[in-house]
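Colleague: Here is what each chain is made of, one letter per residue.
2 protein chains.
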Amino acid sequence: MAVQVRQAQSSLSGFPEWLPAARIVEEHFIDTLRRTFELHGFCGIETRAVEPLSELTRKGETSKEVYLLSRLQADPGEETTDPARQLGLHFDLTVPFARYVLDNAGTLHFPFKRYQIQKVWRGERPQEGRFREFIQADIDVVGDGALPLYHDVEMPLVMHEALSALPIPAVTIHVSNRKVAQGFYQALGIREEQLPEVLRVVDKLDKIGAGRVATELVDVVGVTPAQAEAALRLAEISGADPEQVRADVLAALSGAAPTELLLQGLDELSELLRSAGRRRPGAIVADLKIARGLDYYTGTVYESFMAGHEDLGSVCSGGRYDSLASDGKRTFPGVGISIGLSRLLARVIGSGMLEVTRAVPTAVLVAVTDEAHRGASDSIADALRSRGIAADVSPTAAKYGKQIRFADRRGIPYVWFPGADGEPDSVKDIRSGEQVRSDAATWIPSDEADLAPRLHPAGEAGIQAGERD
Amino acid sequence: MAVQVRQAQSSLSGFPEWLPAARIVEEHFIDTLRRTFELHGFCGIETRAVEPLSELTRKGETSKEVYLLSRLQADPGEETTDPARQLGLHFDLTVPFARYVLDNAGTLHFPFKRYQIQKVWRGERPQEGRFREFIQADIDVVGDGALPLYHDVEMPLVMHEALSALPIPAVTIHVSNRKVAQGFYQALGIREEQLPEVLRVVDKLDKIGAGRVATELVDVVGVTPAQAEAALRLAEISGADPEQVRADVLAALSGAAPTELLLQGLDELSELLRSAGRRRPGAIVADLKIARGLDYYTGTVYESFMAGHEDLGSVCSGGRYDSLASDGKRTFPGVGISIGLSRLLARVIGSGMLEVTRAVPTAVLVAVTDEAHRGASDSIADALRSRGIAADVSPTAAKYGKQIRFADRRGIPYVWFPGADGEPDSVKDIRSGEQVRSDAATWIPSDEADLAPRLHPAGEAGIQAGERD
Chain A
1 MAVQVRQAQS SLSGFPEWLP AARIVEEHFI DTLRRTFELH GFCGIETRAV
51 EPLSELTRKG ETSKEVYLLS RLQADPGEET TDPARQLGLH FDLTVPFARY
101 VLDNAGTLHF PFKRYQIQKV WRGERPQEGR FREFIQADID VVGDGALPLY
151 HDVEMPLVMH EALSALPIPA VTIHVSNRKV AQGFYQALGI REEQLPEVLR
201 VVDKLDKIGA GRVATELVDV VGVTPAQAEA ALRLAEISGA DPEQVRADVL
251 AALSGAAPTE LLLQGLDELS ELLRSAGRRR PGAIVADLKI ARGLDYYTGT
301 VYESFMAGHE DLGSVCSGGR YDSLASDGKR TFPGVGISIG LSRLLARVIG
351 SGMLEVTRAV PTAVLVAVTD EAHRGASDSI ADALRSRGIA ADVSPTAAKY
401 GKQIRFADRR GIPYVWFPGA DGEPDSVKDI RSGEQVRSDA ATWIPSDEAD
451 LAPRLHPAGE AGIQAGERD
Chain B
1 MAVQVRQAQS SLSGFPEWLP AARIVEEHFI DTLRRTFELH GFCGIETRAV
51 EPLSELTRKG ETSKEVYLLS RLQADPGEET TDPARQLGLH FDLTVPFARY
101 VLDNAGTLHF PFKRYQIQKV WRGERPQEGR FREFIQADID VVGDGALPLY
151 HDVEMPLVMH EALSALPIPA VTIHVSNRKV AQGFYQALGI REEQLPEVLR
201 VVDKLDKIGA GRVATELVDV VGVTPAQAEA ALRLAEISGA DPEQVRADVL
251 AALSGAAPTE LLLQGLDELS ELLRSAGRRR PGAIVADLKI ARGLDYYTGT
301 VYESFMAGHE DLGSVCSGGR YDSLASDGKR TFPGVGISIG LSRLLARVIG
351 SGMLEVTRAV PTAVLVAVTD EAHRGASDSI ADALRSRGIA ADVSPTAAKY
401 GKQIRFADRR GIPYVWFPGA DGEPDSVKDI RSGEQVRSDA ATWIPSDEAD
451 LAPRLHPAGE AGIQAGERD
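Sequences listed follow chains A and B, in order.
Start counting the first sequence at 1; every next residue gets the next number (UniProt numbering).
Start counting the second sequence at 1; every next residue gets the next number (UniProt numbering).
In case anyone wonders, no lab produced these hints; they're calculated from the structure.
It is possible that some hints are incorrect.
It does not matter which identical chain is used: a pair holds within one copy or between any two.
Here are the simulated SDA-like cross-link-like pairs (lysine to any residue), alpha carbons at most 20 Å apart as the crow flies [unchecked claim]:
| id | residue 1 | residue 2 |
| --- | --- | --- |
| 1 | Lys399 | Phe110 |
| 2 | Lys119 | Asp31 |
| 3 | Lys402 | Pro111 |
| 4 | Lys119 | Gly44 |
| 5 | Lys402 | Gly145 |
| 6 | Lys399 | Ala146 |
| 7 | Lys399 | Asp425 |
| 8 | Lys119 | Glu27 |
| 9 | Lys329 | Ala105 |
| 10 | Lys402 | Glu434 |
| 11 | Lys207 | Val221 |
| 12 | Lys64 | Glu78 |
| 13 | Lys402 | Arg374 |
| 14 | Lys119 | Ser342 |
| 15 | Lys402 | Phe110 |
Start from the sequences, fold in the hints, and give me the full structure.
Modeller: Rendered as C-alpha cells:
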C-alpha cells in the first residue's frame, strides 16, 4: 500500500499547505532534524513570531520584505511610524536569536548551542510566486567574547548528518571564507570599496558565465582585466584537499604577495577541510566561487547542494558572524547554518520522489458489529492504544466489506473484528488478506514497522505509485 | 539535580518566550498531546498563519482582535480595504480548519479527524497584559453531511486522556448542551430574542453571584422574577449521573411543559454522560451553568477546569457546530475541543510546580585532555550519538574540575574522560561521584531514564528546588 504525497489546494499563493500524507513527511523531516540536533547537545528554543521593526532592520537591511502588523481594532492615533514600536513578522531566525541572546545573556550558559525550527514570513509581492510563509530549521552556537574555530567545523557536520538521515538525495556542503576572498582581492590591489560590487558580479558566475562576469567586472566595477582574470581563477577553485586548495589559491595570485588576511583565511579554511575530511569524508568541499553572504559573514561561509537538484540552489546556508549580537559591553560571536525546510519539502513532495504507507496514524481500524455493540469496539481500541497501537473505531456499522474499504482508502493496514457471542476476536491484514485470532490485550503487528506510517522512495520495493487514489 | 523552569525575559508584553528548561516542558507537553491524538487516529495538519480578513470575520465577528498584515515595501496603491484581499493572522484554529476542509473537500476522507497544534495571534491592546501570541492545541472531527453523537463523547475523552498524561493537576471536563438551555428557556416562555442576553447574564454567575444575576435578568433583560428564578435553578444543576441530571432539569421547570428541543438536548446530554461514565469515570460532569459559547455552538458544549486552579478559567473548551463549514451544496458538521496551551504552560511554569532534570538534551559531556586531542573526544561523542546517546564535547581543555563544573551547571549527568596512552576511558556520574571504566561502543547509563531530560513535580523525590541556579 502506498499513498501519494501531494500538496493541498492553496487558495493563497506563497502560503503552502499540505494534505495529511504530506504533513506526515514534513513531521518526519522535522522530527529527524530535531533528533540529530539533540544528539549533538543543541537546546531547542522558539522565539516569538513578532519583533519590533527596529530589530528587524537593525543591520540596515531596510530592503527586506517584512510584513508589518496593525490591529484591526486600533484605537484612533495608535498608528505609529516609530520602528521601535512598530511590529513585524520575523523574516529569518537569526535576527530573533541574536535578540533572544541579548535578552537572556545573564541566564544562558555560553557557549550556547541552540536549534530552532519555526515558520518565518516574507512580505513578497503576491505575483512573484515566492514563498511568503515557510519553515526554517537553524542551528547556531554563540559564544561570550570568543568562539573557537572548531565550531565552524561542527555546524556543517551536524547539518550534514541531519540531512543524511532524511530520505533525500545526498547533500554536499560547500564552504568558503570571507577572509580568503577579501584577502585575495586586497592582494590583487582591488580597493576595499570595490569589494561588494566584485562579490555581487562574481555571484552571477553560474547564471551568466565567465565571459560576461569578466566583462562586467571591467566595464561596470572598473577593475583591470588582469584583476578580473584572477578573480575568475579564484572562483574556479574547489575541492576537499586542504593543501591543494591552499596551493591553488596562492597560484591564482599570479605572483602577487598574499596578504595577512588571506593567509589567515587559508589557515581557517584548511583546518575546516582537514577536520571535516577526518570526521565525515565527502560531506564538505571548498568552493571559492561562493560570494553570497560574504558581505555580512566575517569568516566561514556555507552553501549546500542536493545531488540532481542543483537547480534548486542552496538547500542550507550560513556562516560565521564575529558579532552575532552585542550590547555594547559584551560581544557574542556566532556560527550557524539554516535549512529552508519548506523549499526542500516542496521539491521533495512536488517531484513525487516519496510515498508514505498511509495518510493517517491509525494502525488498526476496529470494526463495529452493530451500533448497539459500539461500546465493545471502543474497549478494544482503548486496549490497543494503552499498549501504544494507534487505533480508530469504524464510524459506521455497515457491512464488513464497507468497513474494510474505509480502512483501505486511508491505508490502514489492519481491521479488527470483535468476536460475537463469546467467540474470540480476529484481525485481518488487509494487504495480504490473512486473518488470525487475536486478543486486544496482547496482539502486536507481525511487523512492528506497521505501528506508524513509513516513508519510502516512490516506486520502491514492489510498491506502485498511484496504486491508491 | 534539578533545573528550575522559568520564563525568558520578554521585551514585548503578551509575547511569551521560554528559557531552554521551560521549552523542554513545552515540547514535552506538545509531544504528549500529539502522541495521544495519534493513538486515537487523528491526522496532524498545519494551516498557514494567514487568512483573508473576509475569512476571519466570516461569522460576523468583526469584534475579534485581529492583526492585519501590510508589506513594508508595499507598492503605491497596493493598500486595500477589500476584506477578501486584506490578510490577517488567524486568531484561532477553527476558522482556518473550516476553510481547509472546504479547500480540500474533494480529497479528504470523511469523517476527517485532525489535530492541529499551532500558534495563534490576537491583536489585543498592548496595555491589557493578555497573550497576543500563544499556542493552541485543537482536535476536531468533521463529517460530510452527518456526524453521529458518539463523536461528542470521543472528543472530550481523548482530550481528557491527553491531559491526564501531562504532569499537571487533574482536569475535569464540564459539559452542557445548547438545546437543553434553549429548550428550557423556551419552555419557560422566554422569547427567542431574549436568549443571547439571558446567556450573557447567566455567564457572570461565578463573578457576581446569584442575587445580582437575578436582579440583572429582571431589570436589564426584562424576564419575570419566576423566569429568573428558574434560570438560576437550571444553572445550579451539575453532576455525572445522567438520570439525576435529567430529573433535576425537568424539576427546575416547576411544572412548565418541556419542549421537544429540551427533550432532544436531554437525550444527547444523558447519552454523553452515560458513555463517558462507562469509558472514563470521573472525566466528565454535566454543568448547566455553562453559558459561554451557547450562542455559536449548536449542541454539546465543553469547558474544563484544573483542580486547585479554577481561577485560571477553562483550560480547554469547545463544542459542536452543525455547520462547521459549507460550500452551499455540502454541509460539514464538526465537533471539537481546544486547549489554550500557552496559558496552561504559563500557569504550570509560573507557579513553579515543575522542574526538569536538565536544561540541555546532552546526557554525556566528553572531556578534552588537551586541544591536540580534541579529535579523540569528537570520536567518542560520535560513537555515543550513533547509539542514541546525546553527547557534547567540552568547549575547553581546561582542568577537569572546570570541565565537570561546565556539565554540572547545565545538569548534564555524566562526564566522559578519554583514556591517555592506551589506558581505557572512564565515565563519571557527577551526581553520585561514581566513576567506572567505559567503552564508547557499548556503554549505556545505568538508568536509561538519564538519556533524556525528565520532568517532575518541584521538590519531589529528594530533589530540592533552587539547588541549581
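Colleague: So which of those numbered hints doesn't the model satisfy?
Modeller: Checked against the structure, no hint fails, so every one of them is satisfied.
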